[in-house]
Structure formats: C-alpha cells, structure tokens
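Protein chains in written order, with this note's numbering: chain E, 15 to 327; chain L, 4 to 526.
Think of the hints as simulated: they come from the structure by calculation, not from any bench.
As the structure is a computational prediction, the values presented were derived from the model and not from experiment.
Backbone N, C-alpha and C define an ideal beta-carbon position, used for all residues, glycine too.
Misleading hints may appear alongside valid ones.
[Stated by the list, open to error] Partial list, derived from the structure: chain L residues whose beta carbon lies under 7 Å from chain E:
| no. | residue |
| --- | --- |
| 1 | Ser39 |
| 2 | Thr180 |
| 3 | Arg196 |
| 4 | Met235 |
| 5 | Pro236 |
| 6 | Asp237 |
| 7 | Glu249 |
[Stated by the list, open to error] Take a look, some chain E residues computed to stay more than 10 Å from chain L by CB distance:
| no. | residue |
| --- | --- |
| 8 | Pro28 |
| 9 | Phe84 |
| 10 | Leu209 |
| 11 | Asp225 |
| 12 | Ala232 |
| 13 | Ser238 |
| 14 | Ala262 |
| 15 | Leu312 |
[What the hints assert, rightly or not] A few chain E residues that don't get close to chain L, going by computed Cβ distances all over 12 Å:
| no. | residue |
| --- | --- |
| 16 | Arg85 |
| 17 | Leu222 |
| 18 | Val295 |
| 19 | Ser304 |
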Amino acid sequence: MWAYIIRRVLATIPVMAFVALFVFSLLYLAPGDPAAVIAGDQATPDDVERIRASLGLDRPYLVRFSEWVFRILQGDLGTSIFTNLPVGHMIAQRIEPTLSLMIVTLCLALSIAIPMGVVAAWKQGTWIDRAVMGFAVLGFSVPVFVVGYLLAYVFALELDWFPVQGYTPFAQGFFPWIENLVLPAVALGGVYIALIARITRATMLEVLQQDYIRTARAKGAGQSSILFLHALKNAAVPIVTVVGIGIALLIGGAVVTESVFAIPGLGRLTVDAILRRDYPVIQGVVLLFSFVYVLVNLGIDLLYTFLDPRIRY
Amino acid sequence: MSVSRRGVLAAGMAAPAFAQGAGRPLRFVPQSNLASIDPVWSTAVVVRNHGLMVYDLLYGLDAQYRVQPQMAAGHEVSSDGLTWTITLREGLKFHDNEPVRGRDCVASIIRWSKRDVLGQRLDGLAEEITAPDDRRIRIRLKRPWAGLAWALGKPSANMCAIMPERVARTDPFQQITDATGSGPFRFRQDLFRPGDVAVYDKFAGYVPRGEATDFLAGAKQVHFDRVEWKIMPDPATAGAALQNNEADWWETPLPDLLPLLRRNRDIEIGVINPAGNLGVLRFNFLHPPFDNAAVRRALLPAVEQRAFMDAAIGTDPALSVVPAGVFTPGTPLANAAGLEVLTGPRSLEAARAALRASGYANQRVTMLGASDLPVLQNLSEVAGDLLRRVGFNVDMPGMDWGTHIQRRNNRGTVDAGGWSAFCTTWEGLDVSVPGSHQPLRGHGAAAWAGWPTLPALETLREEWFDAPDDATARRVAEQMQRVAFAEVPFIPLGLVRPPQAWRRSLTGIVRGGPALFWGVRRA
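With the rest of the complex left out, here is chain E:
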C-alpha cells in the first residue's frame, strides 16, 4: 500500500510538470497583454513598452519559463503583476472561502443526494422515483447562476433569512460562517446532487438485483438495513468515483458561485486574474487546482480499498 502511495505521489510530478508547461504556453500564446491593461486606456504604445520591460514581459519565452519553473521548485509562485503581492499570499487569503464552500456543498450534496438515489432505486417506477429523476434533470439543466439569483431573491431579499453576499471567516463563529454559505452551497450543490443521485440510483438498482440481497431479505433483514448496510456499501465504489470526478465540477462551479455571491475565494481570484492577464496568479491557481485534483483522485483510489476489500494495490 505504501509503495503504491509513494508511486502515485511521484506520478503527480510529471502531471504537474505537464500542467505547468501547458498553462504557461497557453498564457504566452493567448491574446492580451498585462502591460497594456496596467497602462490603461490613455497610454501610448511607448508607455506600454516601458511597463512591459519593467515587468520582464519582453524577454524570450524560454527565459521566462525557466525562471518561473526555477522559482516554483523553490516554492515561490511569483508575484502578482497588478497587486505586487506574492501569489502564495493571495492564494492563502482566498483558500478558506473556497474550501469552506466546497466542504459545505459536499456535505449538503452527499446528505441529500445519496438518500435520494437510494430511495429512488427502492421505489423504482413510482412517483418518488420520477420526482427524484425529474429533480436530477433540473439540477443538470439549470445553470448555477440562475439558481443563485433565484435563491438570493427569495431567501435573502424577500424572506431576509440569509445575507445576499459575502463571506465570514470560520474564526468569527460557526453561525455567521454558515449563514453566508447556505445559499451558495445550495446553488452550487444542485448539479452535484443531481449527478450523485443519478449514479446512486443506477448503481443501487444493479446491486438490488444481486443474490446476496435476496439472501438478506430471506433471512429477515429489515428494508433500511438492506438498503443502507448491504446494498449501499456495495454500490459505494462507483458513487465515490463520481464524487471524485465531481470535485472538478465543484471547482468550475465555484468560479461562478463566488462571483454571484461575492465570495472572495479562489474562483473569483482566477476570473479577476484572467481578465487582467495577471499571469503569475493564473499559473499559481491553476497549478494549485491541478494538484488538488490529483490528490483527490489519489484519495478516492485509496478509499476503494476500504470500501471493497477485494481491491488491493
């Protein structure tokens, strides 16, 4: 097992190297120039050139890339072109809101989607099943920002139950923290709930046809015991796989959700950086997201061994 973990961790190095090369090259080739953005609407081309030179953007691709890689290897993500702040510091400032949003969304999604999928499979063909699948289609179809605006209108503006926007750090108390996260998590969680509910239902339907389920019923096991102890545990591997894949969905969705609810997280940092062509920030955040995604996949693979003892590495 440990050998496998070490192998997998080492395997992240070429992946990260490829991501770094890809992101750097993409930004190099993409249209846009941070020096022109900094110089502003009124600048002359000479002003832009001087700023570009002062930022080192006039140097050849290979020089810039090798310098950047050298700094990355030393743990330095560089300095934002616009704010003059270290990228690592900017990411550290923004990581808590995004992490909080993802954790709350994940908890919300799992606690709703898995029971929904299980019940839909159990009540296959009934109105409950159709309602769950209808909800799933809706969850996939309605964009996150539409759900976000609707929730903000109803629960913040009309009912005044939650704030419209913002984020309160966890250090300032659980209730202020969660109050700011409920609406964004529901908005972001919609598509995630739909995805997990569908896969749970499909997998449960398959598992419920197995002989050992019939055996469990024959020996007098209760319905909830059959569903949640016998069936769900055996259906868990595909569900966990989808949960892992869904992390990418969450990362993408967080960009939109953070903008709609003015949450100062990594998603908004990314969007702002892209619009301004703040290359060091974009590169830093994309590297971080890639690393997180690789780690999540590793975690999911390791989780398989606990869920299915037949899986060994």
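Guided by the hints, dock chain L onto chain E, whose structure is given.
Showing chain L alone in chain E's frame:
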C-alpha cells in the same frame, strides 16, 4: 429606514454590536476591483479614487473646476512667470505622523512628471524643481505656464499624489509598495484583500482646510472612522446588497437595475459627477480606409449621438448629454463651434453619398469591442451597425478588454492584427481642457492609439497653454473644435453621466466628480 428581520435577530444575539451601530463603517461598492494602490503608476479610475482618499494634492478643483490651494497655503509667481514658489500649509502630516516637507513634494512631483501627460509637459518645461526649505517648493520653468497649478491639482489620472520622499523615489514605471499617504484616510494594507475588500481608516492627524468643502477643494472633513470598499463583480449582487442594507453606496449601478432600485424607498439614485464620461469613436489614421479624412468625415451626417447614449446608459435623458462637442459639455471650454455637423439633420443617404465620393474601396474595417465592459461594448455595437449601414465592410471580432487594449497598440494593418476603429469613454475632467485631452492630440506616433498627425491641433494646444486669459482659452478651444470636425481624429458620441445609488441614511455626499468620502455622514 426599514428594519430587517436578520438585523433584529442579529441584535438579539449580539446586543453590544448593535449598540455600536452609529460607528458602523461606510460600506461602498466600487466600480471595479482595486488591483493596485499606486495612483501614479496606474491610470485606472478606481485606483485614482483610492488615491484621492489616501493622498492629498497641492491644489484641488472646486465644483466650478477652478483650481484652489489644498496642501498649498498659496503660491507666488515671479514677475517673468518663470518661477513658482509654493508654500505648504502648516501642520501637514503623513500617515506615519512624519511632517510633509518640501522635499517630499518635490520627489512626488518628479515621479508624477514622468507618467502624466501634463506632468510630462512640466518635465519638459522645468529648469529645476527644488525645496528651499521644509515648507516651500520652487519650480523654475523655461517658459511661463499659467496652468501649472491646475496640472498639479487635477484629479484625473495620473494625479500628482503627495507621498513621502522615500516612497516617491520609486521608479515611476514600478508600483509603490508602501501606502503611507498624506490624505484624510489611511489605507490599511494589513487588511487589504485585492478582489475582496479595501479598508480605509480616518487619519486623525489630517488637518483639513478652514474653508467649506467644495468638491476637491476646501475642508476634507471625515465623519466615518472607517470606510470599507467591498468588491462585488456581479451587478445583480451589488444591487441586492444595497437593497438588503449590506452595502451603503454603489458606485456604478447598471441602467437595467435602476427601475428596481428606484422602487426601494431606502435608496436614492443620483448623478454626482456631472462631468461624466465622453463617448468617443476613434479612428486609426495609419491605414485605409480611415487614413483618408474624407472617409472619416463621411460618417458625420449619419451619427446620432442620442442612439449611442441610449445604448450606453439607457433612455433616461438625465443620464446623458447630447449634443456633445469635443470638450465635456457643461465645462468652461465646451462650445458649439462647428457642432452643426452633429446637430444638423441626420441623413444616412448623405453619409452614403459622402462615402462614395471619398474614394472608399471597400477595405475591411475592423471595429474593436470589449464584451466585459457593457458601456464600451454597447457603443461599439451601435458604431459597428452605423458603419455597416453607411456602407463600410465591417468586421467586429469578439474580444474582452484585455485583448482589446493589446490589439489597440498594434500599428499594423487589419490583416496583421491591427484595427480600424474603436469606441471608448474618457473621463469628463480629462477632456474638459486641451492639456489633458488625449483624443485631441495630433503628434503622430507619440499620440494616443490612432496616431493622427495633425499639426494644427498641436499648435492650438500650445496656444491654449500660453493663453493669458479665459477669453483667449475659449477662442482657442473653439478653433480646436472646428479643426477636430474637419480632420475628425475622433467623433464625440455624447456625454455619459453614470448614476450612483446610496442608502438614504447617507447625507452630505460631495458632488462634482468621483465618489468622495469626506463630507458624507450617516443620518
């Protein structure tokens, strides 16, 4: 003022916090993210607004756009007009409680003079800028320049922010890292989260002038201990936050949302910046078809400024001004000379005929837009449609601002990634006088994008700088406008006057220009 359900609940849970309500910060939603803190390095309007809080200026404009001493107690000009001696007010301090000295001002002026268009004029004219002592600044010029005080006090980017000497010695093309300022607010760098929040505390050591507040002149009396800028990129969210009393003041409400905000009794909407922004359709003088003055002029009979303004800011006539000449309507140099080309009967047919006569050979016209900036994009869409209807072969590639502004610096042909025309807006204060009016320059390769070579405009600009009185300055401005409508370096599209929205609990908002945070208080 309404009492919110959540507010009552919060009060129940945290009574002491509620009791401190009067000391609540002013929560302001600025037009965009504050990415830089250096108003000399960046030309972004949001950075300039930050600069006006944190830095004081030697001079300030009053609501009639006349320059008044601000940090300066006054100045003396030698009889030959070549030597200015500016004396500082007593008691001026930086935010580190060090006194503001003449040499701080000299370093600040020198840094500014490398970046700003009027600063660069000073850079060229100055024989010497020195500080004879801690309270005086001496500027010796090669030629008299009556507009020097205006240049030092103009609030438009780049502003001559007075910084401590150690900060002002930073290379003008590098941004500062130390936000120690001289203004009525102290920037809390420790609480700054770009893209989220910028915090300003009242600077207790600031000494306001004795006169009444008058835009950027007079007393800058601060009534809030703290002002927080909350960045909200989404307009719908900002609007909802204002309605829900999570924000006090929103700088740039979208025109689409104004009806909704107007229905809320707790919200007031108003135009506090009458100088607004002048819409501009700019041409590239380097390549066909707009290297031909006849082609540029052909458009004039078809331009309807009202259509541009309606697209930019909506149909409420209070939010825009037409007709607009080349100088900001409502400012001293605005005039009607030659304006009949835009106010006469509009005729698409006349424009088509003029285009046919101009020798236009169906060259591709690449019109730049900026899909992430609604006002610019809307102006560009109207301009693109107008060009097509007149008979141009128009290509309008989709792009964001970051791409637009890079492409704009490309001097090549459209086939080589260049461009033909674009729309933008200029701060009304900038284009109210020839000195800072970049679209009206004609100095070729060094000019603003479009690079027109129009010596007549340059000569008139110099005449304006040397104008001995207001009447002469106005006469020169009229001549410049006539030349501009003959040569068409750009077409003015009208004056956009973006409204701002604030909770009625705020009173004393200072009018005349950008959002300012002195004078305002919570009722």
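Verification of the hints:
no. : hint   : in the structure
1   : Ser39  : holds (6 Å)
2   : Thr180 : holds (6 Å)
3   : Arg196 : holds (5 Å)
4   : Met235 : holds (4 Å)
5   : Pro236 : holds (5 Å)
6   : Asp237 : holds (5 Å)
7   : Glu249 : holds (6 Å)
8   : Pro28  : holds (31 Å)
9   : Phe84  : holds (22 Å)
10  : Leu209 : holds (25 Å)
11  : Asp225 : holds (54 Å)
12  : Ala232 : holds (54 Å)
13  : Ser238 : holds (37 Å)
14  : Ala262 : holds (23 Å)
15  : Leu312 : holds (31 Å)
16  : Arg85  : holds (19 Å)
17  : Leu222 : holds (44 Å)
18  : Val295 : violated (10 Å)
19  : Ser304 : holds (21 Å)
Checked against the numbered hints above, the structure violates only hint 18.
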